Amino acid sequence: MAAQDSDGEDDFVTCGKPLEQYEEGEKAKKPIPLQEQTVKDEKGRFQRFHGAFTGGFSAGYYNTVGSKEGWAPSTFVSSRSTRSERQLCQPEDFMDEEDLGEFGIAPKEIMTTDDFASKSKDKIREKARELASVSAPIPGATMLEDLIAPAKISIGVQLLRQMGWKEGQGVGPRTKRKPKNQNRGGVKVYGCALPLTGSEGSENEEEDEYLPENVTFAPKDVTPVDFTIKDNVHGLGYRGLDPRQALFSSVDMHFDLFGDGSEKASSLLGDVRGSKGRKVGISGQAFGVGALEDDDDDIYSTESMSKYDTVLEEERGDGLFGWTAPKEYKNTKGAVRAIQHVSKALDGFCTAETPASRKKIYSPPDLPRDYRPVHYFRPVLAPGSHSSAALKTMLDSAQKPSPKPPEETTQSRHQLNASQRRELLGETALQGQPTSVLDILTDKDRERIKEVKQAAEQQKVKAQALAQEALKSRFQSSSTAETLSKFQPDAGPVPTQSGGFKPFDINPEKQKRYEKYIGALHQGQKDGLESSLDPTMTEWERGRERDEFMRSAMLYKGTNSALSSRFTLPKHEDDQDKVEVLRDEEGDLNDKASAVKMKMFGKLTRDTFEWHPDKLLCKRFNIPDPYPGSTLIGLPKVKRDKFSVFNFLTIPETPSATTTKCEALPTSSESKPKKTSRWDRSPSDSKDSVGQLVSQTRSELDAKKEELKTPGEKEKPPAAPPAKATAEPTEQVPEEDVEERPSMDIFKAIFADSSDEKSSSSDEEEESEDEAPAAQKESPRTEVATASSSAQEPVTPAPTLPVLPDITKYQEKTGADEEFGPWLPPVVSTNVPGTSGVLPLLSVDEPARKQKHKRTKDKHKAKKEHKHKKEKKKKRKKQKHKNKHRNKAAESSSSGSEESSTGCSDSERAAELTPKELLKRSVIPASSIKEAVTFITFLSSYSLIEPHGCDRSVTRWMLFYGHRGFLALCATDSSLLTEMKEIVSLLIKVLSEEVQFSMKMF
Amino acid sequence: MAFPATKPKPPELPRELRRRLDCNQGAVRAVRFNVDGNYCMTCGSDKSLKLWNPHKGTMLKSYNGHGYEVLDAAGSCDNSQLCSCSSDKTIILWDVAQGQVIRKFRGHAGKVNCVQFNEESSVVISGSIDSSIRCWDCRSRKPDAIQIMDEAKDGISSIKVSDHEILSGSVDGQLRRYDLRTGMMLADYLGSPITCVSFSQDAQCLLASSLDSTLRLIDKDTGELLGEYTGHKNQSYKLDSCLSEKDTHVVSCSEDGTVCFWDLVEGSLVLKLPVCKGVVQSLSFHPTEPCLLTASEGTVQIWTGESQEEESASRD
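Chains as they are written, first to last, in full-length UniProt numbering: chain A, 1 to 1002; chain B, 1 to 316.
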């Protein structure tokens, strides 16, 4: 009855709570408002719906996942003060009591799982039963049943029992015939069964036995196949060495003691079966056949007690019953055969009937006869440069002199010492105790050692050179010979010892080679150049150096005299052969500008760079570091070879030179296309260029400041546009030792001043643009005056405010004053004469200055008249021309290129003009622009700049500060002064026609 | 039965002069709303920074400590701090309530044109005439900038910061966007010196005004030009521009004393609001309401839409 009831109930599946019965006449209950539908945990705390784990209710600390301490676990121990021992964290460490509770994800209490719960696992059924028991005539009857019921019998066993099965028997219908046969017939074969083995025959022999008619047998119990999980990484079938097996005696052990042959027993004891007649000794599956053993009888066998007869008259099957798993049940009688069989095939496998086709093995290819299994890397870097750099830095920083002569460049890395490797890697030296005996030596001793070394070196070089001469002459292209012959006749008075001038002083070896070459040249040796080159260098490098030597010899032939001797060499040399350039290259600005003009924004105007934000910045922005592994910050830079200027200068009739150029140029031009374009275009607003220059200089100086201790890591990359027969030797030009960097405004001011002098070679546009700043610079007073009269000048009575010059036109404003970029609107229009803008920085002759003033005033007026941009531009051009003619005398030196430039009466101007011209024509690679600027600054400082300190504004002050600082530098730092001189001398040498002016100046 | 949705009102433009603040601090170099638009900062050329309630017209505090004129200011997200930058090359972090200097960041080589907080106000990002952008940490006491971005070839005129990007406009005509999330720097060349940049509300577009009297709306992802807005005059000065509160309009100062409003989509000049005779230098749009602050010469003017004015009038 109850069962029926329960059956009836069974048909329904109930979900959730049943609705309460609605009684008639009762008022509808008010639904519980949402805020009162609360859930409490076991401690009575309210739980808010959380939507996460634990049934969607709050977890952790007040609905956070953290704890009271925040993210840090309460066991957190700061490693700063006390090292906390590393502890392995279990998942349980991160669980709270709810997780470990009854309904958590990892319940801790011991409870019966469903598998073992009871025979009736069906919850619904159970419930139904409960209900039934309540409604049953004898209440509680089923409860009794529950009490009696054994806790753990699986339903299968229960069913079997009901079907009459007894433990120990096999499953299946009882058989009349021999159980074995019955088994065999009854066994369904899944998959591939083992083929009938020879064991069958033996069984057939035993068939003549007494068989009672009416006796039925239960089928044989089957030992379930034991699938042991492979949980190690050993090979299949591997078993480690069992010490018992190894150490047990040669006793023929036949463990027949365990009658049931259960796996358990055997596994408990371990497999102690020794092979028959085996000697004592270590043997196991891990070991192969010993030398003294004739045969390894059973390599892959798995022993078990079930291999042995344990029951009389027990029928033997293969025990697999269709499983193709490892055999568990083995025939003892057929042991020998089995063993033989097993030795052929693994357990569970059988030998194939048809042997698998052999894999064809192809013989390896024949090596060519002259093949040598060694790869030679061509030396990429000029080997001398590393060691020389090493030597120099060592000597300079008074660390330890290199124990080896720097000429040993072919040494392998094993021969390098730590410091040399450090130099190669570009690391800085450790500051600390001297590590070498040489450190203790006095400077004098060191010098002596160095000299001795160098002498030895030189001899070595000579010997090498001689030895390689023949070799080289073979490789020497005829073109070089031609150029040599071409070049040498007009070499003229080549300096014997290259005078005091050392163009490659930065690289002692190179300088040495150069001197050698000069010497050879002087003696009229034809092959002097070749012999003086470093034989260890690559052909390409040699070609480059050859060109450099030739050109420098040509350029400096006349300058060995008193002039060069007047200047000393710089103290600090910048010894880098490499420059850092942006890895992601910027597109050409000209292209972009044209794209902008066509309003084709997008891909054409966009540059994408990889940019590495600082880790801290990412942290502050709450953003994962996009480059977690990288230590780089900012834009990735790539080190590129910095070539000397000579690479970019061509002697047109030199074929080898052009090839060199071709090789050199792509790298350089692509390394900084930006800069070339900047100077090439001499941009639409000169202010921009100044801004760029300034920013560049500034960033460089900034960078240098940081690396002041290790001098000169950065230098401007060469952005040399090719094809000018003038040269400015960068390699030799030292970087200034900047303690206080010259203000950017100096440069600007000077540019603005010098921009008055125009060269007709530069295009008109840029001239007109360039003049504007000059106008601003020269006559700020007038400018303010005129500006105040303009209608756009807002009139605001704020007389206390500092005056900002009002420039209403962007074009006018460009480059003017200290302002960069857009201006701030003016505040007052009142003209305060005392706070006028920058007065002419150069104490030019009064008439000249006045003339300038006049001119700029004119210009300014002209500009004022024309509101429209383009119109104005045109007009200004005209105006410019007029002015030019008018001021011909003043700027006489401006016209023409430097080759045709006429002698200038005004020495100071000429001196200014020269670098200006250089800049304009981009003759000087970018790396030397700064030097040019310093040069200009230097010149202007020599022409006695008077600092005007009238304006208290910060920027103005900065300008003067810059001036003062610079002057102070000039005055105090003699090394800088000499550097300046060096630069000047170089420039003079490069542009020989300007020498006279500079000579005047000095 | 649902009522038909009310017809969305056309976006209002702040065309009514609501109030005029005489700042008394020289030229007002910049006026900025705070994060919720209830207060504003004015940067004076007399070295002072002032905090106002523009809606009531009261000055709340004056912050003195800069050595030269203040050029830009920003308020932190929790209104507890201000940062301002100045021609004296420093950036000052102010405590709003006490008016004290919390930090003074030095490092720029020139005057600092613009300053911004990041979203959490843990970093101050400044752009200077020295062509570098520097990120200053407000949390640690380190005097050095966290990172210096000196990719610009000329002065930085404007900076905006989103949750993961730093947008900068430079006088070299490049719009540079540093994306921290992807670790990229994207440079868009606009050809003319950029005076002001801003993000749109949906962070999909960038607005850049440049000295060729043009504002350009640039697609952030591709760099393509979405719109150009002309009609105002901006050739010399660093003038502000922005988008209206709902990105419906583009607003820019002009040198002819007006503030110009363009329809963002159509690109048509909708309104030319005459503000003063001189140059309108700075403006700031309320983050949520059609309310505009303009700074010209020494005064700040508050402009609101008509309805808002009515509202506030009724409130008064």
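Worth double-checking, as some hints may not be accurate.
[To be verified] Distance ranges between label pairs, derived from CB positions:
hint: 1; chain 1: B; residue 1: D219; chain 2: A; residue 2: T14; range: 56 to 64 Å
hint: 2; chain 1: A; residue 1: R369; chain 2: B; residue 2: T222; range: 56 to 64 Å
hint: 3; chain 1: B; residue 1: P274; chain 2: A; residue 2: L604; range: 54 to 62 Å
hint: 4; chain 1: B; residue 1: D202; chain 2: A; residue 2: K603; range: 19 to 27 Å
hint: 5; chain 1: B; residue 1: L17; chain 2: A; residue 2: I32; range: 25 to 33 Å
hint: 6; chain 1: B; residue 1: T222; chain 2: A; residue 2: K637; range: 26 to 34 Å
hint: 7; chain 1: B; residue 1: D95; chain 2: A; residue 2: M600; range: 30 to 38 Å
hint: 8; chain 1: A; residue 1: K30; chain 2: B; residue 2: Q98; range: 47 to 55 Å
hint: 9; chain 1: A; residue 1: K603; chain 2: B; residue 2: P274; range: 54 to 62 Å
hint: 10; chain 1: B; residue 1: S268; chain 2: A; residue 2: M600; range: 48 to 56 Å
[Said to hold, decoys possible] Here are the simulated lysine-lysine pairs, DSSO-like style, with alpha carbons at most 30 Å apart:
hint: 11; chain 1: A; residue 1: K450; chain 2: A; residue 2: K462
hint: 12; chain 1: A; residue 1: K597; chain 2: B; residue 2: K233
hint: 13; chain 1: A; residue 1: K597; chain 2: B; residue 2: K272
hint: 14; chain 1: A; residue 1: K603; chain 2: B; residue 2: K104
hint: 15; chain 1: B; residue 1: K233; chain 2: A; residue 2: K599
hint: 16; chain 1: B; residue 1: K142; chain 2: B; residue 2: K104
hint: 17; chain 1: B; residue 1: K142; chain 2: A; residue 2: K615
hint: 18; chain 1: B; residue 1: K233; chain 2: A; residue 2: K603
hint: 19; chain 1: B; residue 1: K142; chain 2: A; residue 2: K637
hint: 20; chain 1: A; residue 1: K603; chain 2: A; residue 2: K637
hint: 21; chain 1: B; residue 1: K142; chain 2: A; residue 2: K599
[Unchecked claim] Chain A is nowhere near these chain B residues, computed Cβ spacing over 10 Å in every case:
hint: 22; residue: K56
hint: 23; residue: R139
hint: 24; residue: P143
hint: 25; residue: M184
hint: 26; residue: F199
hint: 27; residue: S200
hint: 28; residue: C205
hint: 29; residue: E245
No lab work stands behind these hints: they were computed from the structure.
Here the structure is a predicted model, which means the values were calculated and not measured.
Beta carbons: idealized from backbone N, C-alpha and C, even for Gly.
Here is what the structure says about each hint:
1. B:D219 x A:T14: 56 to 64 Å: The hinted range 56 to 64 Å holds for D219 of chain B and T14 of chain A, with Cβ atoms some 59 Å apart.
2. A:R369 x B:T222: 56 to 64 Å: holds (60 Å)
3. B:P274 x A:L604: 54 to 62 Å: violated (39 Å)
4. B:D202 x A:K603: 19 to 27 Å: At roughly 23 Å between Cβ atoms, K603 of chain A and D202 of chain B fall inside 19 to 27 Å, so the hint holds.
5. B:L17 x A:I32: 25 to 33 Å: violated (56 Å)
6. B:T222 x A:K637: 26 to 34 Å: holds (27 Å)
7. B:D95 x A:M600: 30 to 38 Å: Violated, since D95 of chain B and M600 of chain A (Cβ atoms, about 49 Å apart) do not stay within the stated range.
8. A:K30 x B:Q98: 47 to 55 Å: holds (54 Å)
9. A:K603 x B:P274: 54 to 62 Å: Violated: the Cβ-Cβ distance is about 41 Å, outside 54 to 62 Å.
10. B:S268 x A:M600: 48 to 56 Å: At 23 Å between Cβs, range violated.
11. A:K450 x A:K462: This hinted pair holds, its Cα atoms lying about 18 Å apart.
12. A:K597 x B:K233: Holds, because 19 Å separates the two Cα atoms, which is no more than 30 Å.
13. A:K597 x B:K272: Given pair K597 of chain A, K272 of chain B holds - Cα atoms ~27 Å apart, limit 30 Å.
14. A:K603 x B:K104: Given that 30 Å is the threshold and the Cα spacing comes to 40 Å, the pair is violated.
15. B:K233 x A:K599: holds (20 Å)
16. B:K142 x B:K104: holds (11 Å)
17. B:K142 x A:K615: holds (15 Å)
18. B:K233 x A:K603: Answer holds: K233 of chain B to K603 of chain A is near 28 Å, not above 30 Å.
19. B:K142 x A:K637: Roughly 26 Å separates the two Cα atoms, so the pair holds.
20. A:K603 x A:K637: holds (23 Å)
21. B:K142 x A:K599: Distance ~45 Å between K142 of chain B and K599 of chain A Cα, so the pair is violated.
22. K56: holds (25 Å)
23. R139: Answer for R139 of chain B: violated, closest chain A Cβ roughly 7 Å.
24. P143: holds (14 Å)
25. M184: Nearest chain A Cβ is 6 Å from M184 of chain B, so the label is violated.
26. F199: holds (15 Å)
27. S200: holds (16 Å)
28. C205: C205 of chain B is indeed farther than 10 Å from all Cβ atoms of chain A, at 12 Å.
29. E245: holds (25 Å)
Checked against the numbered hints listed earlier, the structure breaks hints 3, 5, 7, 9, 10, 14, 21, 23 and 25; every other hint is satisfied.
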